[in-house]
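Undergrad: Residue numbers (my numbering), protein chains in the order written: chain A, 1 to 310; chain B, 1 to 284.
Hints are computed from structural coordinates only; laboratory data are not their basis.
Among the hints, erroneous ones may be present.
Derived lysine-lysine pairs resembling DSS-like cross-links, with alpha carbons at most 30 Å apart [claimed, not checked]:
{"#": "1", "chain 1": "A", "residue 1": "Lys-112", "chain 2": "B", "residue 2": "Lys-9"}
{"#": "2", "chain 1": "B", "residue 1": "Lys-228", "chain 2": "B", "residue 2": "Lys-169"}
{"#": "3", "chain 1": "B", "residue 1": "Lys-9", "chain 2": "A", "residue 2": "Lys-116"}
Computed footprint of chain B on chain A; a stretch qualifies when at least three of its residues, placed anywhere within it, have a C-beta under 8 Å from a C-beta of chain B [said to hold, decoys possible]:
{"#": "4", "segment": "102-116"}
{"#": "5", "segment": "128-139"}
{"#": "6", "segment": "144-154"}
{"#": "7", "segment": "260-270"}
Calculated Cβ distances over 12 Å to all of chain B for the following chain A residues [claimed, not checked]:
{"#": "8", "residue": "Gln-170"}
{"#": "9", "residue": "Asp-207"}
{"#": "10", "residue": "Ile-223"}
In this text, a Cβ means the ideal position worked out from N, Cα and C, and glycines have one as well.
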Amino acid sequence: MTAPALARPGFAERAAGVTDSTRWLGRLMLAPAVLYIALVIGVPFLMAIGYSFSTVTIGTSTPRFVGLENFRSALEDTAFLKALGNTAIFSLVSQTLVIVLASILAIALQRKFRGKWLVRLLILLPWVAPISLGSIGWLWIFDPVYSVINWTLRHVGIFGPDTWPIWLGQPNLAMASIIGVHVWRTMPLATIISLGGLSSIPQDIHDAAEVDGAGFFRHLFVITLPLVLPILLVAVLFGLVFSVTDMIVVYVLTRGGPFDSTQVLASLAFFKSIDGGDLSGGAAVALFLLPVLAVCAVLLLRLARRAEVV
Amino acid sequence: MAVKADPRKMAGGLVNFGVIAAFAAFASFPFAWMVITMFKQTQDLLDPSHNPFVYNSPPTLEHLRVLFQDTLFLHWVANTLLVGVAVVLITLVLAVPAGYSLARLTGSAGEKLGIGIFLTYLVPPTILFIPLSRLVATLGLTDRLWALVLVYPSFTVPFCTWLLMGFFKVIPKDVEEAAMIDGHSRLGAFFRVILPMSVAGLLTTVIFSFTLVMQEFVYGLTFITTSKNLTLSVGVPTFLVRGDVYFWGSLMGACFLASVPIAILYNLFVDRFIAGFTVGAVKG
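Please model the entire structure based on the sequences and the hints provided.
TA: Structure, rendered in structure tokens:
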């Protein structure tokens, strides 16, 4: 508490007459944020739902209600079905890898060593740097002619003289590449979340295990992992939310190609609506994400409630 | 107990070191690659027989000169700063009072409302950008930076309100009560006592909002159509990559300069931010 601050009563006191009741002051202070959120998130959200049930294009101004027609035609569209499958593969594979790798890294990072701050900075870089720019770095690494990966693998003898994969140009490789970049980018978040979970385990539990003679793996699977499971779940849920809704990696690296093999729902919604002008079709595609998001939100709230009881 | 070095422990330490080194290399490689590329002469870059890890010709500053003089890079830097500062200010004005209100003034209803506000953070741009593009057009803001200033707080305000709520909650209630006994109103205590104590929280909000603005891509891509009006995160990957001609040196220079300094700054605050994610989400 600062003494000079207390010594100078000012305009705030004079305003006190209006805001005597704590409850009204609370509402007044909350109102601008709630109003803004309602206008810039709530209204467009409802509009998106409205669009998906009608015909809205960039050109027209008189939308017509068509019921479930947009969703029906989406489900009959092979490009949509492909994107749906790709989104599932992209999200599930990347987040499975992320959670395994992040756990390994977090356990390794628990040890104290010199220069840890630098290691942390390097490991966090992919997540704290703008992903559209990080992806451009990968675009150069995956370059069809000058790929440093191919050059290195050829020179250490893993690739023969005839092997020169085009990372972003062959369907399966392109999918593997964008998954790799997405793993690279989301792993730091999961690592730091897991690290927080690990450091919240009381030391005497570890000591007790040591005294009982538990080996490294027994210790890990019987004690450590079960205790950090709830927080790992939080990491997985956030990771899933960020994966199913992301289009930046796909947009920068492949634009959904080759032959829609890396098209995901988010990028398809963008190409359909902004490039193609079919706002309703795009909104319908994007809204297929809603069930996944809702399930993640409910699970996050469940975890929150459980943590409160403990 | 024997004090001799346990070989099993030493092997464990070595494995540990190897794991960390491998991950650090994987995470930082693209950025290291940007640095190597941005100083390389073009003919050195574009000769597949050259070892890409070393400078076969002397390093050059030509790519950076091109970037600063012949492209809109500095324009984009200015646009990004302008939008960033405006969004930070709006976020502070909206989220600081809201966070305080949820922490202190609204009771148990506030708790639920707080979770509700946090959940809006999970509604992605992917669902909102289509109707927002229409709204932006209706307001006559298409291709103007004001469109971004209007829309970007939609992802900074929910999270920062939540973050600040956590900050205000840990300040002991006695602090305000003492100030109020000394003759301050609730609002006076908030301005003169609580805010000065919350500098760390306010600074986290500023850095976090600014970095989110730096990272945003989808809205920028949707609302801005003229290259001169873009921000860094959209301008570099779209207008520096045009057609089939890639100016890799300048492009990598732009990516490095626009990402690493802000990343280092962000890194100083990242623990607070992630605590907001987990404690926020887990302990409600």
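Undergrad: Each of the hints needs a verdict: does it hold here or not?
TA: So, going through the hints one by one against the coordinates:
{"no.": "1", "hint": "Lys-112/A <-> Lys-9/B", "result": "holds, 14 Å"}
{"no.": "2", "hint": "Lys-228/B <-> Lys-169/B", "result": "violated, 44 Å"}
{"no.": "3", "hint": "Lys-9/B <-> Lys-116/A", "result": "holds, 20 Å"}
{"no.": "4", "hint": "102-116", "result": "holds (count 6)"}
{"no.": "5", "hint": "128-139", "result": "holds (count 12)"}
{"no.": "6", "hint": "144-154", "result": "holds (count 4)"}
{"no.": "7", "hint": "260-270", "result": "holds (count 4)"}
{"no.": "8", "hint": "Gln-170", "result": "holds, 19 Å"}
{"no.": "9", "hint": "Asp-207", "result": "holds, 14 Å"}
{"no.": "10", "hint": "Ile-223", "result": "holds, 17 Å"}
Hint check: a violation occurs at hint 2 only; the rest are consistent with the structure.
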